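Undergrad: For the record, the sequence lines run as chains V and D. Heads up: the first sequence runs through residues 105 to 463, numbered per the working numbering. Heads up: the second sequence runs through residues 105 to 463, numbered per the working numbering.
Keep in mind the hints are simulated off the structure, nothing from the lab. Errors might be hidden in some of the hints.
Because identical chains share one entry, a pair is satisfied inside a single copy or across any pair of copies.
Unchecked claim - Calculated cross-link-like contacts (lysine-lysine; reagent style DSS-like; alpha-carbon spacing at most 25 Å):
{"id": "1", "residue 1": "K107", "residue 2": "K129"}
{"id": "2", "residue 1": "K379", "residue 2": "K456"}
{"id": "3", "residue 1": "K114", "residue 2": "K456"}
{"id": "4", "residue 1": "K129", "residue 2": "K167"}
Just so we're clear, the structure is a prediction, and the values are computed from it rather than from any experiment.
Take a look at the letters that make up each chain.
Number of protein chains: 2
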Amino acid sequence: MNKYWSDLAKRLVPYVPGEQPRDQKYIKLNTNENPYPPSPNVLAAIREAAQDELRLYPDPTCKELRQIAAGYYGLQESQIFVGNGSDEILSFAFAAFFNPGEPILFPDITYSFYEVYANFYGLESIRVPLDEHFHILLEPFLQANGGIILPNPNAPTAIEAPLDRIRSILEQNRERAVIIDEAYIDFGGKSAVSLIADYPNLLVVHTLSKSRSLAGLRVGIAMGSEELIEGLERVKNSFNSYTLDRLALAGAIASFHDEPYFQEMRYRVIQVRDKTVGQLRQFGCTVLDSKANFVYVSHPDISAKTMQSQLRAQGILVRHFMMPRTEHFLRVSIGTEEEMEQFVEAYEVILKQMIGSTP
Amino acid sequence: MNKYWSDLAKRLVPYVPGEQPRDQKYIKLNTNENPYPPSPNVLAAIREAAQDELRLYPDPTCKELRQIAAGYYGLQESQIFVGNGSDEILSFAFAAFFNPGEPILFPDITYSFYEVYANFYGLESIRVPLDEHFHILLEPFLQANGGIILPNPNAPTAIEAPLDRIRSILEQNRERAVIIDEAYIDFGGKSAVSLIADYPNLLVVHTLSKSRSLAGLRVGIAMGSEELIEGLERVKNSFNSYTLDRLALAGAIASFHDEPYFQEMRYRVIQVRDKTVGQLRQFGCTVLDSKANFVYVSHPDISAKTMQSQLRAQGILVRHFMMPRTEHFLRVSIGTEEEMEQFVEAYEVILKQMIGSTP
Numbered sequence: 105m106n107k108y109w110s111d112l113a114k115r116l117v118p119y120v121p122g123e124q125p126r127d128q129k130y131i132k133l134n135t136n137e138n139p140y141p142p143s144p145n146v147l148a149a150i151r152e153a154a155q156d157e158l159r160l161y162p163d164p165t166c167k168e169l170r171q172i173a174a175g176y177y178g179l180q181e182s183q184i185f186v187g188n189g190s191d192e193i194l195s196f197a198f199a200a201f202f203n204p205g206e207p208i209l210f211p212d213i214t215y216s217f218y219e220v221y222a223n224f225y226g227l228e229s230i231r232v233p234l235d236e237h238f239h240i241l242l243e244p245f246l247q248a249n250g251g252i253i254l255p256n257p258n259a260p261t262a263i264e265a266p267l268d269r270i271r272s273i274l275e276q277n278r279e280r281a282v283i284i285d286e287a288y289i290d291f292g293g294k295s296a297v298s299l300i301a302d303y304p305n306l307l308v309v310h311t312l313s314k315s316r317s318l319a320g321l322r323v324g325i326a327m328g329s330e331e332l333i334e335g336l337e338r339v340k341n342s343f344n345s346y347t348l349d350r351l352a353l354a355g356a357i358a359s360f361h362d363e364p365y366f367q368e369m370r371y372r373v374i375q376v377r378d379k380t381v382g383q384l385r386q387f388g389c390t391v392l393d394s395k396a397n398f399v400y401v402s403h404p405d406i407s408a409k410t411m412q413s414q415l416r417a418q419g420i421l422v423r424h425f426m427m428p429r430t431e432h433f434l435r436v437s438i439g440t441e442e443e444m445e446q447f448v449e450a451y452e453v454i455l456k457q458m459i460g461s462t463p
Numbered sequence: 105m106n107k108y109w110s111d112l113a114k115r116l117v118p119y120v121p122g123e124q125p126r127d128q129k130y131i132k133l134n135t136n137e138n139p140y141p142p143s144p145n146v147l148a149a150i151r152e153a154a155q156d157e158l159r160l161y162p163d164p165t166c167k168e169l170r171q172i173a174a175g176y177y178g179l180q181e182s183q184i185f186v187g188n189g190s191d192e193i194l195s196f197a198f199a200a201f202f203n204p205g206e207p208i209l210f211p212d213i214t215y216s217f218y219e220v221y222a223n224f225y226g227l228e229s230i231r232v233p234l235d236e237h238f239h240i241l242l243e244p245f246l247q248a249n250g251g252i253i254l255p256n257p258n259a260p261t262a263i264e265a266p267l268d269r270i271r272s273i274l275e276q277n278r279e280r281a282v283i284i285d286e287a288y289i290d291f292g293g294k295s296a297v298s299l300i301a302d303y304p305n306l307l308v309v310h311t312l313s314k315s316r317s318l319a320g321l322r323v324g325i326a327m328g329s330e331e332l333i334e335g336l337e338r339v340k341n342s343f344n345s346y347t348l349d350r351l352a353l354a355g356a357i358a359s360f361h362d363e364p365y366f367q368e369m370r371y372r373v374i375q376v377r378d379k380t381v382g383q384l385r386q387f388g389c390t391v392l393d394s395k396a397n398f399v400y401v402s403h404p405d406i407s408a409k410t411m412q413s414q415l416r417a418q419g420i421l422v423r424h425f426m427m428p429r430t431e432h433f434l435r436v437s438i439g440t441e442e443e444m445e446q447f448v449e450a451y452e453v454i455l456k457q458m459i460g461s462t463p
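All chains should be built: construct the whole structure from the sequences, respecting the hints.
TA: Set out below in structure tokens:
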């Protein structure tokens, strides 16, 4: 029954977010959250903001947060846009920069929300194949297009594209907006923010959800030329003038003020990740080189789907995408050192049970 | 310079929100905020939620808030949708229920964001004239249409349409979604929520911004048949899966748990409003009957624009919409009793200065 739905609502194929169990009995390695808490200064700033002024609308221009982010990234305030998580920003960007009838390009294995946005806005898309090692190639991004979106590092593969490849893509597509979705950049990748001065067609999108442990706060940041930022503002102000509440603004501002905590926590995640990758490879796993807070892993002797359900039976949630090539892999978010020890142990036990031995 | 903008971004005419001065020197009667603080229980719940779990995504289904709202309004959880303010919900609703090529209807004097949404989604609209007393008539809503949106009470007029007129509009448009935007309903109006059981085409939209003093928290609620709610969910999950952060969810839930505070605060606003209306009428003002937390006022001898700038010089912000008919009126949000005394006093002084006397 969908008598009252618009044609748009009928044709939508919504995104399905990773499971968020309401109980706490699982080790949650399925939605790429940070295992470490946010900065205590962030929590203090939010508590401080929980006061009578909540009766007032937030600043619709988010000026203070944009100023601080601008200083942090070495940009002008007019080059910064903030939104309700990077997902909202990406949606606005699809509306602001891409046209129906001019196909946009993104990798064939990538964040599945891109296809959902394209569908929402009635855009055509061409899924550009990764190479056999899951790397992003330059050549397919030289075909005629109406814009490009790329995550770097890519998800769910965790592989980073070298910055000179990003630069080449920008250089060869100067007439089109190119969006680099850097949700995971803080875990060891090289940001394209340094290219903004050279490429007015470049929009870089960050989030506070991953490296700043604030998935529950919903804050994303976009950076680019004034022209691109103004385009995003136009879309936002045609949709919802106040997308960031006063608490999210206060928390986000405090996060940028606590650089030592940020550095320590992202470093910890990187260390635990690299240790986990080494352990999994000792089991004979294929683990793609990760510059993200997750690893992409497969084993030659046990299907990813089986491994996922076996892990779940052990109280560990990981994510599996049932599509060609990705079906062989599990995406495993990096938890705390203790959680990853439990994960590796469980993985080993399951391997032994299912195939009789490990190397 | 807008080389990278989409055709959509180029054609947008964004909404302009009321001024949010960053200093505190003004009496802010310009954005219909509640002058009283949120419930202390709401603030406590937010402080409680400002903890390590902010590293985790919020519940994308917002189940607990929807359950509590369902109980509060006497509906099922499946009849409740929540979003990042009622503005976001309205935008989703335009996408979910209205089709290009099938003109939607709304009053010619109404919330100016409706036209912005229509433009954003490429929808045609017909602006239905209010009568000479700014009342919503039934007859123009009987013409062929692709859906209807009405605020009740209307903004910026503050006038309530009687519930039997709403019912007639629903009855005569059973094939189309009819959205009743009840942002101001708690200040004395009769809600159409009671009609949901009879009309699967009815979507009622509420906000916590006004009567619950939470404009800074960004929480709105939509209520209707399961079919309509599912349509909204589809749109949301094609746009941004996590529109409400953990703090907004915690605060909103606590608000529904503190009924006595809610009742007391809305009653106070109503009392101050009714007193203000009486005083303004004594000055010879036309003040439309208000069931909202603002009044719509004009004076025969002084232009609204002049009065607005004179009030601003006295440190009082009010809102003025420069369009036919509305140009003669100021929209004045109801402040605290003390603020409204200052407003009335300033209004009287300006009247005396400008026209030499008051009655």
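Undergrad: Could you place K379 and K456 in one of the four classes (within, between, both, neither) given a Cα distance threshold of 25 Å?
TA: within (21 Å within a copy, 79 Å between copies)
Undergrad: Is the C-alpha distance from K107 to K129 at most 25 Å within one copy, between copies, in both cases, or in neither?
TA: Result: close neither inside a copy nor across copies, 41 Å intra and 51 Å inter.
Undergrad: I want to check one pair: K114 and K456. Are their C-alpha atoms no more than 25 Å apart within a copy, between two copies, both, or neither?
TA: Close neither inside one copy (47 Å) nor across copies (60 Å); limit 25 Å.
Undergrad: If the cutoff is 25 Å on CA atoms, where do K129 and K167 land: within, between, both or neither? Let me know, please.
TA: Between copies, since 19 Å is at most 25 Å while 40 Å is not.
The structure fails hints 1 and 3 (numbered hints given earlier, in ascending order).
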